[in-house]
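Make one complex out of these two single chains by using the hints.
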Amino acid sequence: MNRLQPNFCACGSGLSALRCCQADLQNFASTPSSRHLLPLVDEAISRHANGALKEAEALCLEVLELAPGQGGALAVLYQIRKAEAAMVAAEVLVKRLVSLDPNNIWATQELALLLFGRGHLAEAEGHARNAVRIAPTDPVSHNLMGMILTEMNRPQVGEFHYRRALELLGHRQPILLANLAWNLKNQGKMAESRALYEESVGLDPSILQTLLGWARMEETDRDFARADALLDQAEAMAPGHPSIWLHRAVVRGRTKHYDEALAILDRIALSSSGTGLGTNEMLEKGRLLDKMGRFDEAFEAFSGGKRLNVEQGGPVYMAAHATQLVERLKAYFTSSRLRIVPRATTLENNPKPIFILGFPRSGTTMVEQTLSAHPKVSAGDELTFVSDVADLMPRMLNSPLTYPEALADLWMGDQCEGLNNLRDYYLQRVKQLGIVEPGATRFTDKMPLNETHLGLIALMFPDAPLIHVLRHPLDIVLSVYSNHLTHGFYCANQLETIAQHYVLVMDLVAHYRREMTLKYLAVRYEDIVEDQEPNVRQILAFADLPFDKGCLKFHENKRYARTASYAQVTEQLYDKSRYRYRHYLKHLAPVIPILEPTIARLGYSIDG
Amino acid sequence: MASVAQGQQASLQGGVSRTVDAWLAEAEAHVQSERFDAAEEIVSRVLEAHPAYAPALHQAAILAHRRKQPQMALHWLEKAIVSAPDQPIFHRNICELYRSQGRLEEAVIHGRKAVALAPEDAGAHYNLGVIHYDRMEIDEAIACARHALSLQPDMAAAHFELAEALLLNGVFEEGWREYEWRFDLPNSPSLLPHKGKTLWDGKAMPDGTLLLIGDQGFGDTIQFCRYVSEVAKLCPNLIMACSSEMRPIVAQQNGIVHYADRWEEVPAFDAYCPLSGLPRLFGTDLQSIPAPVPYVHAEASLVAKWRKRLEALIPRGFRTVGIVWAGRPTHGNDLNRSMSLRKLAPLSALEQTVLVSLQMGPAAAQAADYYGRAPLINLGAEIVDFTDTMAILEILDHVVAVDTSIVHLAGAMGRPVSVLLPFAPDWRWLRDRSDSPWYPTVELFRQAFPADWSGPVASVAARLRLATR
Numbered sequence: 000m001n002r003l004q005p006n007f008c009a010c011g012s013g014l015s016a017l018r019c020c021q022a023d024l025q026n027f028a029s030t031p032s033s034r035h036l037l038p039l040v041d042e043a044i045s046r047h048a049n050g051a052l053k054e055a056e057a058l059c060l061e062v063l064e065l066a067p068g069q070g071g072a073l074a075v076l077y078q079i080r081k082a083e084a085a086m087v088a089a090e091v092l093v094k095r096l097v098s099l100d101p102n103n104i105w106a107t108q109e110l111a112l113l114l115f116g117r118g119h120l121a122e123a124e125g126h127a128r129n130a131v132r133i134a135p136t137d138p139v140s141h142n143l144m145g146m147i148l149t150e151m152n153r154p155q156v157g158e159f160h161y162r163r164a165l166e167l168l169g170h171r172q173p174i175l176l177a178n179l180a181w182n183l184k185n186q187g188k189m190a191e192s193r194a195l196y197e198e199s200v201g202l203d204p205s206i207l208q209t210l211l212g213w214a215r216m217e218e219t220d221r222d223f224a225r226a227d228a229l230l231d232q233a234e235a236m237a238p239g240h241p242s243i244w245l246h247r248a249v250v251r252g253r254t255k256h257y258d259e260a261l262a263i264l265d266r267i268a269l270s271s272s273g274t275g276l277g278t279n280e281m282l283e284k285g286r287l288l289d290k291m292g293r294f295d296e297a298f299e300a301f302s303g304g305k306r307l308n309v310e311q312g313g314p315v316y317m318a319a320h321a322t323q324l325v326e327r328l329k330a331y332f333t334s335s336r337l338r339i340v341p342r343a344t345t346l347e348n349n350p351k352p353i354f355i356l357g358f359p360r361s362g363t364t365m366v367e368q369t370l371s372a373h374p375k376v377s378a379g380d381e382l383t384f385v386s387d388v389a390d391l392m393p394r395m396l397n398s399p400l401t402y403p404e405a406l407a408d409l410w411m412g413d414q415c416e417g418l419n420n421l422r423d424y425y426l427q428r429v430k431q432l433g434i435v436e437p438g439a440t441r442f443t444d445k446m447p448l449n450e451t452h453l454g455l456i457a458l459m460f461p462d463a464p465l466i467h468v469l470r471h472p473l474d475i476v477l478s479v480y481s482n483h484l485t486h487g488f489y490c491a492n493q494l495e496t497i498a499q500h501y502v503l504v505m506d507l508v509a510h511y512r513r514e515m516t517l518k519y520l521a522v523r524y525e526d527i528v529e530d531q532e533p534n535v536r537q538i539l540a541f542a543d544l545p546f547d548k549g550c551l552k553f554h555e556n557k558r559y560a561r562t563a564s565y566a567q568v569t570e571q572l573y574d575k576s577r578y579r580y581r582h583y584l585k586h587l588a589p590v591i592p593i594l595e596p597t598i599a600r601l602g603y604s605i606d607g
Numbered sequence: 000m001a002s003v004a005q006g007q008q009a010s011l012q013g014g015v016s017r018t019v020d021a022w023l024a025e026a027e028a029h030v031q032s033e034r035f036d037a038a039e040e041i042v043s044r045v046l047e048a049h050p051a052y053a054p055a056l057h058q059a060a061i062l063a064h065r066r067k068q069p070q071m072a073l074h075w076l077e078k079a080i081v082s083a084p085d086q087p088i089f090h091r092n093i094c095e096l097y098r099s100q101g102r103l104e105e106a107v108i109h110g111r112k113a114v115a116l117a118p119e120d121a122g123a124h125y126n127l128g129v130i131h132y133d134r135m136e137i138d139e140a141i142a143c144a145r146h147a148l149s150l151q152p153d154m155a156a157a158h159f160e161l162a163e164a165l166l167l168n169g170v171f172e173e174g175w176r177e178y179e180w181r182f183d184l185p186n187s188p189s190l191l192p193h194k195g196k197t198l199w200d201g202k203a204m205p206d207g208t209l210l211l212i213g214d215q216g217f218g219d220t221i222q223f224c225r226y227v228s229e230v231a232k233l234c235p236n237l238i239m240a241c242s243s244e245m246r247p248i249v250a251q252q253n254g255i256v257h258y259a260d261r262w263e264e265v266p267a268f269d270a271y272c273p274l275s276g277l278p279r280l281f282g283t284d285l286q287s288i289p290a291p292v293p294y295v296h297a298e299a300s301l302v303a304k305w306r307k308r309l310e311a312l313i314p315r316g317f318r319t320v321g322i323v324w325a326g327r328p329t330h331g332n333d334l335n336r337s338m339s340l341r342k343l344a345p346l347s348a349l350e351q352t353v354l355v356s357l358q359m360g361p362a363a364a365q366a367a368d369y370y371g372r373a374p375l376i377n378l379g380a381e382i383v384d385f386t387d388t389m390a391i392l393e394i395l396d397h398v399v400a401v402d403t404s405i406v407h408l409a410g411a412m413g414r415p416v417s418v419l420l421p422f423a424p425d426w427r428w429l430r431d432r433s434d435s436p437w438y439p440t441v442e443l444f445r446q447a448f449p450a451d452w453s454g455p456v457a458s459v460a461a462r463l464r465l466a467t468r
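Chains as they are written, first to last, in numbering that gives the first Met the number 0: chain G, 0 to 607; chain U, 0 to 468.
Only chain U is shown next, with the shape it has when bound in the complex (with noise of 0.2 angstroms):
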């Protein structure tokens, strides 16, 4: 058991002796530094010794944690919790672990243990919340949250988590606020590289001159940019920071009269804000989302090009149906958002339909090994940017996507869309509907059950069979 070991002495080394948490308080250093190979050899070597000393078994996880090797890290954790039961942290830790690879009965489990063993910790709380989340117990994840935050106020996690479940519960106006949180989580990074200048407070600025910032993901810059037009009518003097990737989108918006890709084009401004925190400052809730859709449009040229491009592809008669199966794979939640190709199988029995790939990234590869009934043309491999993918959204009959920025910008366009959704989706597809306010010409289908992705694959595919006859 743990006590055991403490205070031995263990030669590891030739002619060096310490005690056994030494060794292991210098491998925590290792890993810290990520000298992932010298703390290895240390734990090993204590394990060795010592194979039943659960802070040695921890110390094993967290390095496996921080190796990117989910599985081992399970491995040693669970150890650990066999030699020491009612260590808090290593349940808080292990509920962490399970979410992370889709596990959630036992993630729960852990999660409350972690909580009735440590009640005054924050983080544990916080760990269940999420949990909570992934189960879609939403009311149980706000309670978490703010139980949270009754412990620890300026817990920005739990802040973020806490809106996050407002949000998707159509709870706007707290939502927004604590949204705002979002600025400080850890690793954050920081918002613009000026110092001291002024939030946007929403009021108008008819003489001074406001930057908007696309903060976020495409998706987001996507929706929020919908704004825009509203914020230059109270702030005439409008510029945009914003990615290259996104200008031919952004740029589309009424009122910006300057475009800065990079920071040193901005010019001189008086107050900034960040494109997703104008649905606070609007006072957006349910009622109220603006949905000027289409507010994004393909350029006339370009249309013309690719339409003749698929006319030479797409066999006369055929129904083309753009897919997108991935997100970025760096995306926190991409485990839940994303399949791969082959669950979308139900789509390749459609008759005279084409499926014409739209995705981009390392996924993209998966068309490669696609030998379905219907033919899936590979066009990702000729898309450049975003122009070329709003001018092939204006020509395709309908889109099937994962939650990635193709499914805002075909909503943006006016183009049907129908959405795949994780069990518990991003805030912003809210609860139980197959609508969207945000997107008129969205669908959205929503997993019944964590990971499993063949019931609305299946549902989607009726709908596009049904459209046929």
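The shape of chain G in the complex, shown without the other chains (with noise of 0.2 angstroms):
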């Protein structure tokens, strides 16, 4: 009998698409009729552990090509797959895996850590808790809720996670020390972090991972002798490392060194067999030119790591989804409709939050570690919890609609306290958290283009001060495609989709602005870098704050600034951040026609 030629999955799996990705996932089920199939599939467990891939892979192949759902085979493949480094194979694999068993423990942690590595944050998280919920007691599984949650800047529940991680496992785990050391140093609780990272290199002191990671806390912590130190131990470890480099560059750059970090990076793209530098190390090679004046240079790098980024399948702007969901927010919030809309009312004895917002690299990290560092203030940093309401809104309401068409249901009259529910939601999760400092009476947050939520936030919390940090867009457009960013429907990967996006968010405030009563307050950055102190007096005055002194002084907040401006918050007010564009002026040509019309309105000019 002549044997077909298998039209082979386009995943990578190795298996015909038939009984892949194409073939229906109820037909996978394993049934009895394949059990005669089990010896087969022992004997490609057993090559794989004595490392006879090749042959293991064989019988894999031929196993799912018989019986698609045989657990084991799946398992084999898997992680011959992950091993290859074929990872949409690989999570195609362990993806049907988890769904032919769900319970599936081994599975479920591999599919969580797979997602995190690949960087896709949210779907890691679901999966981390069912972790949890399968094996509540399994260390393993609260370290990845603990890695995903550090990632996703929740640190405290990561913290609470990592910590009930140890506490199962009985004894001090080195990598489970140094990431809970991680998780603290984006807390910016310091001392704790390095006593941590000296008790983990104490316990280990050849895992290079720890020692990048101690060293990027010292470079955060200004501590920029024990930065280099730490690196000198992880190059007689590890010698010619690109990562020990690249953090070499880092803490280069931070002392002003420029030549040298500029070097480094050099190094780097030498000795890196032809591949030339990664995306994250092109952006810190054109921020290092631009620092040093040599603009175009700059450019072509940032550029560079961008593309680079788009070619290795880095996410692309999801324009349509953004321009829907502006859309749909315009058409809801009319002052027609919110004239009868209800509001939540105000919790007079809780913590209030003040607002800042801004899109990604307008200033708003400035503008937070200013108010922190205030007595009566505390920092929330980017808190999610404004997308989550909206996200759980229909379930909170009780609706069949989603947001924003859900508020119809405050209507009803078992709904229309709803918004105060919302509020305590939002409220909740802040106390957990723990960010509301002793003394404190006020927590900002800082999540970036929360102003796409702005009508939410005003009806959740209608007397909250609403801080729009305005800057050049051009200086904003430039600065996002200088940095590695995820904000923005994943816009930051080319200039006009910066753009784009900027100029759809600024026309949805605009629209806010002109349907609702908002307690806005627009600040410019190159206001407050100007005349630093009217700017502070009057940013505190609308919170309802007395001035104090220390706000003047914020890049003396020992606080962590986590974000990708932490290096720039913790120097003095500095000019050149101002109206940088203008070395950049023909490069940002082609988005130019598109911001025009927002640059003249927010009354802005642009001048070479």
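Just so you know, the hints here were simulated from the structure itself, not pulled from any lab data.
The structure presented is a predicted model; accordingly, all values stated were derived computationally and were not measured.
Please note that a few of the clues may not be correct.
[Stated by the list, open to error] Capping the alpha-carbon separation at 25 angstroms, the derived lysine to any residue pairs in SDA-like fashion look like this:
hint, chain 1, residue 1, chain 2, residue 2
1, G, 351, U, 316
2, G, 375, U, 314
3, U, 307, G, 348
4, G, 552, U, 372
5, U, 304, G, 409
6, G, 375, U, 316
7, G, 329, U, 365
8, G, 188, G, 170
9, G, 375, G, 549
10, U, 304, G, 336
Now the structure itself:
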């Protein structure tokens, strides 16, 4: 009998498409009739364990062509593909395993880890949570939650899971200690972080990643000598490792030794056997060149970094999705409708939010550092809760509609206090994070692009100050382009998409301001840099806070700002970031027509 | 030149041959019937064949004017005047076009030329008078209006123009008399649908029923409803016919026994009187303007509601300044009396001040583009009607507004209000004074030059800055 040449699945699993991605999942369920294949599966497992990967692979493929849902064969083939770095195929296979057996703890943990590694954090979080549900006493599940939530900027929740993992493990596992140390660094708890790194390295001094994390922590805490010493230690362990060099370049950059930093990056490029610098290295190189005044080369590096990111499968701007959301928000939030929408009430004895709004790289971190230097204000950083509320709204309001249309259910007798419930959910999450320090009556939420949900925020917190940080749009676009950011529906990979998203959001803000009564204050980044005190006084007064001199020295605020701006906000106000676009006008030419009307509306001009 | 093309044969459409003037007559008919595209097609074909033919250029200007394209209308009319410099109608028309665009220098030159070329044309004198009013040459405006009336005694527009100029000068007796011509103005809606009713003569009607009609805009109604209680003393059976929007204000006046906002709800009456006719009937002059301020009050429950709302919106210790920068866009003088929010920029530099936008209508959208230093709260988005506005006015520390109904409302409530007036203001604000005998709490800030808001806005800002010290 002639064998038909199978039509291989595009995912790269090695299976035929009809037995892989084109098949109906229901047909995958294992049946008793496939029992005769078990010896083959056992053989594959054994071969795999002995390192005979080709044979193991052939056996798995044979089994899965006959019984596509055979769990053992799927697991072995997944491990083979993962080891080959065929990540798409690996993801398909492990997802199939989880779908066929949602209680498979090993597969669930593997899937969460794989998604985490690929940067799909929200999806990873869902599976990590399942892992905790399935195996609540398994430290691996908690470690996963710790890693994912730390990366998602919810370090307080991450800390909980790391500590639980340590407790369950019953001993001080060095990697777990280093993970917790990194988490604490992200919360600005430098002393605790340092102690844990010391403990981790004391237990196992041979883990490169721990030394790099620690060096980063010291660099963040402005102990550059210590960071250098740690990198020396790492260098002795793994001479010429590109990650060490990159960290070294960052440290040199922060100590303003730009030539040295650049030379290190060039060394990385030469040593990487023709593949050149990665995305982050190229962007770092661009930022160094910018500081050195080599603007054309800097722009070339930014463009190279962004291009590489796209080539390597980095996400692209979800233009249709963004536009559709904005149109729906505009259609819902109209003054005639809002006149009959109830507002949430204010809880008097609760810490109150101050929303710092703005496009990424507009100066929101600086404003948060300024405000949180005030004894009455705690920094909340980038809180995801407004988006969470939007996602949860249909369930919380028992509505068949999604956000924002689900707000129509506020007109129902049993949901008319729904906004109070949404407000309480937000405040409860804030309380859980423990961000409000003793003595503070306010906390900031500076989630970039929260202005997209300005309407919802004003319904939940009608008297919360909304401080919108403005900056020259060309500076914003340039700065977003020179950094790796995922905010704004992944607009950051191209100049044009950054500009498009910026205009889209600013138009939405104008819509909200037209249709709603908002407690809104626009502050310009440039004004704060030029004339700090009156602007800081204005912001504080608008937020009903007495003036505090400490707010003028926000760079001394020991709090670590987690975002890309952290290195800048630890320096005194400086002029160089103002109107930086002037050095890049010819490169920015493609986006000027997109931005020009908004530039004029905001009262800026384009100067050469 | 004009005569060259007259009587020429011009074939503009296949197979049809007519004179150019016949084509232009057809274009004119299309314009009259608002078939603008058809008119445009003819006029452009004529101009293609005869680019300097003055009547065609004039027709093109009329067409552009009717299409609300003033710049284009000026362009054609200027060309027509080059082709036919001594055609009086061209000067008469272009002077009005220049005036409507605020180009008063050019307007007055052509206005004078029109009068010189056609001294018997009452319309030319009237147009020139209007230009003089806009230039605040009030004596000249009065002279022109009188000249027009000497040529055409029943010219309602000239009577009205004369009334406005006299009243602005504080000459009330003759001014009120001339003001009665307002109902005879072209396109003036009829005051009431009833036929054969008697206009009230101001005498007591103890047994008869009097119908008072809120006949003009919101501002006039608020200004003149101060007379209602006095009227009621003469005519106890007093019916008020007024728009529903004005009800919460007018109905506060003593003596109204029935209020109707639809004609079918108006019961039988014996005589009628427009609200704006009351100053004449009461013989009001500069010394006897009744100002029983406050004669309008906010509702206590609404004041409490808005106070709570404003407390949530306004940071503690900030002064609240309500702002209104534009009136109803369909108002005849809106170009002069309204401004853009950007022109209020000096107010945004005030320390410890929140600007509270009470702006309604299309201009309210400008609040979205405000990025000044002082915070701006767009309260207009939550205002439903005048009851809300009254409550808010009761709470705000100060109001700055152009000449719109909000000024009258704040004035009638006795609230402090700074009024930004155009160079040639409405007659009720009189001349050369910063106070108003109609409203004691009003302060007037006048343009020193036409269309230049910088002076009065800076003065208001300086006044408010002083007040904080």
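Hints the structure violates: just list their numbers, smallest first. Violated hints: none at all, because every hint is consistent with the structure.
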